[in-house]
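Student: Listed below, chain by chain, are the residues.
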Amino acid sequence: MDELKGLLKRLSETEGVSASEKNPKDIVKEELKKLAISFKEDRVGNLIAFKRGRKSNRKVMLASHIDEIGLMVTSFDENVLRFSTIGGFDERILLGLEVIVHGKRPLKGIIGSIPPHFLPKEKQKKVLSIEDLFIDVGLSGKELKKNVEVGNFVSLKKNLEELLNERHSGKSLDNRASVTALISIFEELNRVNHNWDVYGVFTVQEEITGLGALSSSYNIFPDAGIAIDVGFGKQSGFPSEHHVELDKGPTITIGPNIHPGLQNGIVKIAKDYEIPYQIEAESGPTGTDASDIQISRSGIPTILVSIPILYMHTPCEVVSLKDIGRTTRLISLFISHLNVDMLKGDKYAT
Amino acid sequence: MLLSKLSNLDGASGDEGEVRRFIHERIKEYVNTIEVDPLGNLICFKKGRKKGPLILILAHMDEVGFMITGKRQDGTLKFSKVGGIDTRVILAKTLRIGRKKIKGVIGVKPIHLLDEEETNKIPKIEDLYIDIGAKSDKEVKDIDIGDFAYFDTNFEKTSTGIVKGKAFDDRIGCSLILDIVKGKFNFPFYAVFTTQEEIGLRGARVIGNRIKPDYAIVLEGTAAGDFPSKKDIARTPLLGKGPALTVIDKSMIADRDLLQRIIGIAKRKSIPYQIKQAGIGGTDAGRIQISQRGVKCGVIAVPARYIHSPASLMSVNDYNNTLKLAVSVLKDLG
Numbered sequence: 000m001d002e003l004k005g006l007l008k009r010l011s012e013t014e015g016v017s018a019s020e021k022n023p024k025d026i027v028k029e030e031l032k033k034l035a036i037s038f039k040e041d042r043v044g045n046l047i048a049f050k051r052g053r054k055s056n057r058k059v060m061l062a063s064h065i066d067e068i069g070l071m072v073t074s075f076d077e078n079v080l081r082f083s084t085i086g087g088f089d090e091r092i093l094l095g096l097e098v099i100v101h102g103k104r105p106l107k108g109i110i111g112s113i114p115p116h117f118l119p120k121e122k123q124k125k126v127l128s129i130e131d132l133f134i135d136v137g138l139s140g141k142e143l144k145k146n147v148e149v150g151n152f153v154s155l156k157k158n159l160e161e162l163l164n165e166r167h168s169g170k171s172l173d174n175r176a177s178v179t180a181l182i183s184i185f186e187e188l189n190r191v192n193h194n195w196d197v198y199g200v201f202t203v204q205e206e207i208t209g210l211g212a213l214s215s216s217y218n219i220f221p222d223a224g225i226a227i228d229v230g231f232g233k234q235s236g237f238p239s240e241h242h243v244e245l246d247k248g249p250t251i252t253i254g255p256n257i258h259p260g261l262q263n264g265i266v267k268i269a270k271d272y273e274i275p276y277q278i279e280a281e282s283g284p285t286g287t288d289a290s291d292i293q294i295s296r297s298g299i300p301t302i303l304v305s306i307p308i309l310y311m312h313t314p315c316e317v318v319s320l321k322d323i324g325r326t327t328r329l330i331s332l333f334i335s336h337l338n339v340d341m342l343k344g345d346k347y348a349t
Numbered sequence: 000m001l002l003s004k005l006s007n008l009d010g011a012s013g014d015e016g017e018v019r020r021f022i023h024e025r026i027k028e029y030v031n032t033i034e035v036d037p038l039g040n041l042i043c044f045k046k047g048r049k050k051g052p053l054i055l056i057l058a059h060m061d062e063v064g065f066m067i068t069g070k071r072q073d074g075t076l077k078f079s080k081v082g083g084i085d086t087r088v089i090l091a092k093t094l095r096i097g098r099k100k101i102k103g104v105i106g107v108k109p110i111h112l113l114d115e116e117e118t119n120k121i122p123k124i125e126d127l128y129i130d131i132g133a134k135s136d137k138e139v140k141d142i143d144i145g146d147f148a149y150f151d152t153n154f155e156k157t158s159t160g161i162v163k164g165k166a167f168d169d170r171i172g173c174s175l176i177l178d179i180v181k182g183k184f185n186f187p188f189y190a191v192f193t194t195q196e197e198i199g200l201r202g203a204r205v206i207g208n209r210i211k212p213d214y215a216i217v218l219e220g221t222a223a224g225d226f227p228s229k230k231d232i233a234r235t236p237l238l239g240k241g242p243a244l245t246v247i248d249k250s251m252i253a254d255r256d257l258l259q260r261i262i263g264i265a266k267r268k269s270i271p272y273q274i275k276q277a278g279i280g281g282t283d284a285g286r287i288q289i290s291q292r293g294v295k296c297g298v299i300a301v302p303a304r305y306i307h308s309p310a311s312l313m314s315v316n317d318y319n320n321t322l323k324l325a326v327s328v329l330k331d332l333g
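Just so you know, the sequences run in chain order A and B. If you read the first sequence in numbering that gives the first Met the number 0, its first letter stands for residue 0, the second for the next number, and so on. If you read the second sequence in numbering that gives the first Met the number 0, its first letter stands for residue 0, the second for the next number, and so on.
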């Protein structure tokens, strides 16, 4: 668990906003080297790890997106920077966050707004939107222009902190929790037999267009796809029918985006090996890499395994280490049991 | 400058112990007597031979923060604010709670699950909670109702000459006094670190009557106003432009003679200074001024951006200039 925690910490605290995923990819490469797993990068930046299967006649592709939501500098306003968001943010949480502006050199800053006591009464209590906010790195307007350019990326700055119950809180657990799991899966695969070739893709730009999943599944054209992402764990105040919770194992999605044969297969593995899991019904596209993989080329049987987290898309996301461990175990065992029969499903029967 | 250490200490109004112990330890070799009064104020006296007016310099030890008010069955914690914090600045922030500094987060609903009505309002503090990872109230063992909670911010240097941290209001003042008392003075003065400033200038209420000073100088970290210019917003004081001097704030009108004297000293010594924007904030000086027969009071402050929020910015140059000015004023009065 300590190793898992250390890896999660490094991945969570590094910066890799969509289209600038170099830092987390470097960490992944380092880990893959330690495991003697080969890898390459494709032309859009996906990092693809590869491990040959014993029979090597079929291919399974795993996808964990490696990008994170962030901000971008849009203009200079005297001694501060105005910005836009990359990916989905609740703009109300931005005030008071620490950030790093990736200019000529990394600049630490704060997201500020004009404090209420400097404003006329009627403006003191309004909901802040992004137009009211700015990034302050403490430089003068002149120095700012020397060090920063419009279009520079800005990432959140946050340490991973341990809470009770092996839960950890930090930024970018969407989706570094799954990146951690995918690295660990390759570690497991060094120990278990598997017939199929395994492609582990650390996909880019999931938060924006799904570019990484689209391009890599086209290139690899696997027989089966497994997207690993994060899901919504039940938070205090959620309606009682929201049943997915932290510490109860990975979530296996069911619905039109999901291949029934593979889905049944992974549920069976969970049952056989007594790995806790949860089922989530999604009536439309899942909005994850699974959405893009399924409709790549002539269609790919795809499933989605999610690690439940809390407070998604904030710098205080919460994940349970136990759930990451269980996700690793479930998917590794599933890979070692993959067979062609599972690709027969109601809709994809051949 | 001990601000790097002082900023990382936790001490909301009523919970100043950690800060008081630190200051006590650091100041004892430079002063002659140290007392703690019933309100928790730390009262230090530095002897001097020369007889003259009695001077008091003071800074408050407390900061704004939170207090745990309840444990809910699902393991989350209810809380209230200690002092003035804008609810808009606390969403999705990490806190450290209680003596054991247990980490917790003020969780919000994920953006994906919010409807439009929800995104257009500021949540009520009653609807927010702190999550420490506990699954039931039984698991909340090391936190009690009444414990205090703080923004989990670490002091750090940012760009050239700028530092970042929490509680700059008023650990800046505490740090300044700790630097001032190291100097040599041939006259006596009091250095006082007050409590409960953030909940209504309460600690300072008793200081004037007890010490009976002729002059009092409050040292503060005050709100900087140098934000992108909007027509309806004044911009002073600015970061990097020297100590800010108060003419009028919500708690008092500064003594006119004393203010002119301070300005005169700054000019003579070529120390940059600026006049603090009128009518904003309030300090312990407002309480000292109306104590006993009335006291001549002034405020010298280091401008800091985003006070009362998780992280503020301060210019180290401003700090050094404020220190220089404060020492000069003290020597001029003494």
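Hint data in this document are derived by calculation from the structure and do not stem from the laboratory. Mixed in with the good hints, there may be bad ones.
Said to hold, decoys possible - Pair ranges (Cβ atoms, derived):
1) GLU142(A) to GLN259(B): 31 to 39 Å
2) GLU142(A) to ARG234(B): 45 to 53 Å
3) HIS242(A) to LYS137(B): 35 to 43 Å
4) GLU77(A) to GLN259(B): 30 to 38 Å
In this text, a Cβ means the ideal position worked out from N, Cα and C, and glycines have one as well.
Student: It remains to establish, for every hint, whether it holds in the given structure.
Tutor: Verification of the supplied hints:
no.: 1; hint: GLU142(A) to GLN259(B): 31 to 39 Å; verdict: 35 Å, holds
no.: 2; hint: GLU142(A) to ARG234(B): 45 to 53 Å; verdict: 18 Å, violated
no.: 3; hint: HIS242(A) to LYS137(B): 35 to 43 Å; verdict: 22 Å, violated
no.: 4; hint: GLU77(A) to GLN259(B): 30 to 38 Å; verdict: 32 Å, holds
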